[in-house]
Amino acid sequence: MDKMTTILQPDHATIAGVSEPAKSRAARRVHGLSDRTIAWLFVAPTIALLLAINIFPLVWMIRLSFTSLNLSMSYLPLRFVGLDNFSDILNDEDIWFRLQTTAQFVICSVALQVVVGFGLALLINRQFRGHSFWTTIILLPMMLSPAVVGNFWTLLLQPQIGPFNYLISLFTGVPPSSFSMTGQVALAPWTIVLVDTWMWAPYVMLICLAGLRSIPDYIYEAAEVDRASAWRQFWSITLPMTVPFLMLAVLFRAIENFKMFDMVNLLTSGGPGSTTELVSITLKRAAFEKWRTGYSSALAIILFVTVFGAANIYVKALNKVKQR
Amino acid sequence: MRTFNRLKSSVATTVLGAALLGIFGGGEAAAQGKQLTLCWAAWDPANALVELGKDFTKQSGIEMKYEFVPWTSYADRFLNELNSHGKLCDLIIGDSQWIGGAAENKWYVKLNEFFDKEHISMDDFVPATVVGYSQWPKNSANYWALPAMADAVGWTYRKDWFSRPDIQSAFKAKYGRDLAPPKTYDELKQIAEFFQGREIDGKKVYGAYIFTERGSEGITMGVTNVLYNYGFSYDNPKKPYQMQGIVNSADAAKGLEFYKELYKCCTAPGMTNAYMQEGLDAFKSGQVAMQMNWFAFFPGLYKDPNVGGDKIGFFVNPAGPKGHFTQLGGQGISVVATSDRKDDALAYIKWFAQPAVQQKWWQIGGYSALKAVVDAPDFPKSAAFAPQFLESMGIVKDFWAEPSYAQLLLDMQKRVHDYVVADKGTAQQALDLLVKDWTKVFKEQGKEVASR
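Just so you know, the protein sequences line up as chains E and V, in that order. In terms of numbering that gives the first Met the number 0, the first sequence has 140 at position 141, counting the first letter as 1, and numbering is strictly consecutive. In terms of numbering that gives the first Met the number 0, the second sequence has 331 at position 332, counting the first letter as 1, and numbering is strictly consecutive.
Everything labelled a hint here was simulated from the structure, so no lab data went into it. Some hints here could point you the wrong way.
[Said to hold, decoys possible] Label-pair ranges, simulated between beta-carbon atoms:
| hint | chain 1 | residue 1 | chain 2 | residue 2 | range |
| --- | --- | --- | --- | --- | --- |
| 1 | V | 84 | E | 307 | 45 to 55 Å |
| 2 | V | 443 | E | 239 | 50 to 60 Å |
| 3 | V | 197 | E | 166 | 24 to 34 Å |
| 4 | V | 196 | E | 320 | 38 to 48 Å |
| 5 | V | 196 | E | 81 | 57 to 67 Å |
Being a predicted model, the structure only gives us computed values, none of them experimental. Think of the CB as a built atom: it goes at the ideal place given N, C-alpha and C, for glycine as much as any other residue.
Using the sequences and the accompanying hints, generate a full structural model.
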């Protein structure tokens, strides 16, 4: 018998000496509270918090979406406008442009992150000298705050003093101050994709790495015995077995990028013009700059339903892939 | 079980303790001495106000606390505060465009009775500042603020570069006239073109710095300086809210085209989203020959060891073919209606309105709007930029100050930035779309908008 068991034994003996109904009666008597009540007491604050900061605002927002509320003109009588806000949004050409911009950003950035992240995971999955050091270096960007990333990339991309333009100039011979990565219509959308990829490809890498590490070695050993080439092993073993992980990474990143606000707002403020104005920036402007509370509530609901619906369809697809 | 009981007791004790702290903890703050919180933007004049406020504390015994927020989030932060009836600010120096919303929503205390009681007359202040910062409805005797910080858009230039004989002769050879601070926008563009890309002291310099910021109000506060002078108005003076043919007149479109030309020909690379701070940086680093910015920054620039003193000159926003105006900036000081210390806040305003305090305010870096200060015979000589400031305050125009100003402003930001920076459409199309946007906003507000 080890030391721990010896220590526990006297208590155990005491409890064992009392009958089960007597024990439960004793528990109920303690300060008049039953175990179930105690459990509820512990859980109640969390539930109350959830109700207060998640459920109540959601219900309130749904209610507001059917009204004309504009907080900058709260002296105007509050009107019930039915589905007018929703119909205004869905008939607004600008909103559709913003959704297109957002979709382009999500598709390009997630695709690039998957390619880069998966590539990095394949590299990091091998053992080499300085492995831990390079893993840490690669993971650094995703540990930074998006606000910090937005600010320092703004400086890096500054046409006159930013090193990025000088680097491009070194390879292409184009004068560094002749182009602005955040200020030109043709470059700005790619710039936000680039910065987002720099920041989040390591995250995709981590997920892919988990996938790669979950593949049992014996499968590769069997393939080796069958004299399968490295390329064949990649296509027949590595890729198919990491697909569920890749799909998970795509889901997480797509949802995050659909909501992307801070980094893009700091980098371009949605500009030049409205070139990089993602729908989240439009929403923030409608809600907290124009104070169109009713309208922005409706927009938030539309976006929520869109993401929720798309994510559900995607999760179903993911489950099918897993079952295969 | 004993352990379990102890846990229960300690949970109960903690909960009780927390409740007691919640109930009685606030008393400590209440027991402190009198204190007022003043909210404003974080910039040079705010530092001057802190200095000035020490006199108020000395006289009244009321401690002054300050909440200064950077310009980029100033409107968001404080309008949110006012909207939510927060108690953070007792006094607020709110932007001129907020006055309509603040009055209609009763965020500010109406000051008419207080002014009458304390014999503070709005006739003693520069008229443009009274209309711009205090009155709602405009041009009516309803006052919601005391003009606190007079401001307008002006220009700085590199006096040392302008006075160099080699540069002067090169300019004269090219344009057939002397190089001098521009009086018109055509002259300004010529000078900007002349300096663009020129090498001075081994460094490449650029012609002009103008506002192009997209996120808050930057490009609008810049472009209006040209638009006003090309014939743009917000609405028909005889038919309020009638904008068709006024906002999007052919003259206004020409003004917008001019701003874009100036942006394309004569600004430094990368100035696609630049406002006050970027302008100061560009000028202080010796990058630009001329800079558009608010007068509020000029005392700081004049003191700058690298580009201030003899090296800097100032000029009034140049005239255009259809007039001579400049964009009004500045703010009034108001008492927040939800404040628990309204009497103390009013006492601060009473103190601040005194001529001696206003005089000191101007001397230490603020801009007084009191006539006794700015109309004094020695005022033009009191600072290098004083004559230009005085002239500018006589030709100011302001953006809409309607309760819906934020929507109107963001619509203009979008349309103008789309055209000027993102090369989208024509100037006429941008202004046509702006009229459409603004009409929608006013209609939502319940205003009648005549099409012609």
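Check: Should the hint that residue 197 (chain V) and residue 166 (chain E) are 24 to 34 Å apart at their CB atoms be regarded as holding?
Finding: holds, 27 Å
Practice prompt. Confirm or reject the claim that residue 84 (chain V) and residue 307 (chain E) have a C-beta distance inside 45 to 55 Å.
Written response: Violated, at about 33 Å.
- Task: Return holds or violated for the Cβ distance of residue 196 (chain V) and residue 320 (chain E) against the range 38 to 48 Å.
- Result: For residue 196 (chain V) and residue 320 (chain E) the Cβ distance comes to about 58 Å; the hint is violated.
Does the hinted range 50 to 60 Å hold for residue 443 (chain V) and residue 239 (chain E) at CB?
holds, 55 Å
Are residue 196 (chain V) and residue 81 (chain E) spaced within 57 to 67 Å by their CB atoms?
59 Å Cβ-Cβ, so the 57 to 67 Å window holds.
Comparing the model with each earlier hint shows violations of hints 1 and 4; every other hint is respected.
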